[in-house]
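Chemist: Take a look at the letters that make up each chain.
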Amino acid sequence: MTTDAIAKNDYMKFVTPALTCVILAGLFLFPRFVDNPYALHLMILLFMSTIMGQSWNIVGGYAGQYSVGHAAYFGAGAYTTMVLMQQWHIPPWYGVLGGMAVALVVALVIGSICFRLRGPYFVLASIAVAEILRLSAMNLKDFTNGAEGILATDIPPLTVGGQVVTDFLSKVPFYYMGLLLVILTVVVTYGVQHSKLGYCLQAIREDQDAAHSLGINLTLYKNVALTISALLTSLAGSLYAVYIGFIDPPTVLGLDISVQIVLICIIGGIGTLYGPVVGSLVLVPLSEALRSNLISEAIFSTGIVTESSAVGTFLKENLAHAHALIYGVLVVIVILFMPDGVLGFLRKLMAKRGNGGRVGAPSVCQAKETSGGAA
Amino acid sequence: MIVFFQSLLSGVLIGGVYALIGIGLTIIFGVMRIINFAHGDIMMIGMYLAYNLFTLAGVDPFLSIVIIVPVMFLFGALLQKLFINRILNALPQNQILLTIGLGLIMSNTMMLIFTSDYKILSTTYSSSSVNLFGISISEPLAISFAITAAITAALYWFFLKTDTGQAIRATAQDREAAQLMGINVKRMSIIACGVGAALAGTAGALISPTYYIFPQIGSAFTLKAFVITVLGGMGSVLGATLGGVVIGIAESMGAVYISSGWKDVVVFILFLLILLFKPSGLMGKSRT
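Order-wise, the sequence lines are chains X and D. Residue 17 is where the first sequence starts when you use our numbering, and the numbers rise one by one after that. Residue 11 is where the second sequence starts when you use our numbering, and the numbers rise one by one after that.
Just so you know, the hints here were simulated from the structure itself, not pulled from any lab data. Treat each hint with caution, since some may be false.
Keeping only pairs whose Cα atoms sit at most 20 Å apart, straight-line, the calculated DMTMM-like set for lysine to aspartate or glutamate is [claimed, not checked]: (1) Lys196(D) x Asp184(D); (2) Lys212(X) x Asp225(X); (3) Lys273(D) x Asp158(X); (4) Lys332(X) x Asp127(D); (5) Lys332(X) x Glu313(X); (6) Lys212(X) x Glu222(X).
Partner residues are not named here, just some residues of chain D that face chain X (Cβ under 10 Å, in silico) [said to hold, decoys possible]: (7) Ile97; (8) Pro102; (9) Gln103; (10) Asn104; (11) Ile110; (12) Gly111; (13) Leu112; (14) Gly113; (15) Asn118; (16) Val237; (17) Ser269; (18) Gly271; (19) Trp272; (20) Val275; (21) Ile279; (22) Leu285.
The calculated label-pair distances, taken between Cβ atoms and stated as ranges, are [as the list claims (entries may be wrong)]: (23) Ile130(D) x Val203(X): 45 to 55 Å; (24) Gln218(X) x Thr133(D): 55 to 65 Å; (25) Leu234(X) x Thr134(D): 57 to 67 Å; (26) Ala117(X) x Ser269(D): 53 to 63 Å; (27) Phe143(D) x Ala117(X): 26 to 36 Å; (28) His228(X) x Ser269(D): 41 to 51 Å; (29) Tyr206(X) x Ile130(D): 49 to 59 Å; (30) Val50(X) x Ser136(D): 51 to 61 Å; (31) Ser186(X) x Val13(D): 56 to 66 Å.
Where is the CB? At the ideal position from N, CA and C, for every residue including glycine.
With the hints as extra help, turn the sequences into a complete structure.
Modeler: Pasting the structure below:
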């Protein structure tokens, strides 16, 4: 390492915590200065997406176990919280704990079944279990109202020792809850990444058989990773259910949700602390822009298509329904051209820039290594 | 007893179409070792083709397969050439995600064009049935089963007797050895993907008179296709045929003896049990 690089390292050591503090302070003060409900809504969506991505990352990114059935935990959190609130009038902050308990049970069952399988078989089994849960929610009409879904009538105010903390009438309490959960998941992920657990998980990801022969208990570590991931995902599910106030089987237990959770990580960068954050920053604004017709309005403003023409009305009516199209296009682009996600792609780009004229051997080697022989 | 035979027969009939979907998936997996998560969506495109040929040009859905087979073959070949070919050596996870992405693009494009409304293709014979020894057989299902049987027979002939079919089987068995024997494995991959897509499209056309047609129908059939291929053994055409019929029967028995809402749960539980206790599938080929 040259002196130059060491200086840069020291600099980064100082800058990273400072930057984190500034961003955190900004996020905490955000609702004080912005009271536009749509802006707050967007931030809450970003938080939920980050929580979901970050929690998937623990089992998918670090342990390399690509679960495409995370809707099971999301739905477990959402349904338990809502059923407890609507049927038994248990306030959601206790319901959240119930959701975590259910998610824990589901995770242990799924773990004991699916971790015997590897690769594509594991993916298929995880999908199958999530589908069984979705169909159960569809059919257990006494508990879940079936396909009609559950509508939250009113949320009781949160009181601590007789003092009303918040009455949940605005979006602000949800904002802070989301923010706190994001911090929690990031801290947990950081903790996992820098502990023995994290190193064992990464060893499993790189080579299961080698890890096994080194004495790493595969089943134990995989299950621990899945349990942590499931608990955090169920928190996101509970937050979603209480915030949106309505759930039904396809929106919280559908295959789409599982795929979306994976995409957040794939697009940002798998197995990195900031990947899910970047992925959410890419995905949420894009899909919101499509959903709220910003894209078609942008097309109209260019003047290529007028709003009153046949194509214009068609776009306006249909583009909003196809926000999932953007997920498809993004994932194909990312897999084909940036197999390490946006974050990895940017890093590689920076590494090339940093090397200037002398395109050093290290960056080329690394690029080859990390792309996993995709060429 | 009559109920039992009735549900057994309708299970076998629908199982024939499932087999067609499963065979397509298993061929693609066999040759390229890629699990095609867009398979149900390809089938959905076949359904829409049949629907539009019927409503716009008045072509009978069963006749329309004459057009749908070549169109879907080209579509599959194009998919292979443009996308799947590039990720043959990528991580299995990335392969799965790419096909999931392609499936999302297909279903959402269809939603853009045809909206998410449920469409019904009603022919004159859609709800008619034939009575055989007291068991009533739905006419469209019976016709589609006959066509499925003919196509499956033609496929067996293709794989066993023709040079191309044998070359595809050789590629599936050992890609490198096949290449050393002078087989153009790239071309075989394109053909295999085309055949897989054509089979899925045909299955879509065959079930279009009996099912609702909507853009999101694909994922349910993708899952069903996996269950079928895993049940029969990944990569085995005979296994997929058998698996399709077994799943068809399990579904229709589940619908009759448990409830129609739980019939898919029966299928998934069967799937998990197979994965756990006989992961190589019924036909017992090796797992890798």
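Chemist: For this structure, which hints from the list above don't hold up?
Modeler: The structure breaks hints 26, 27; every other hint is satisfied.
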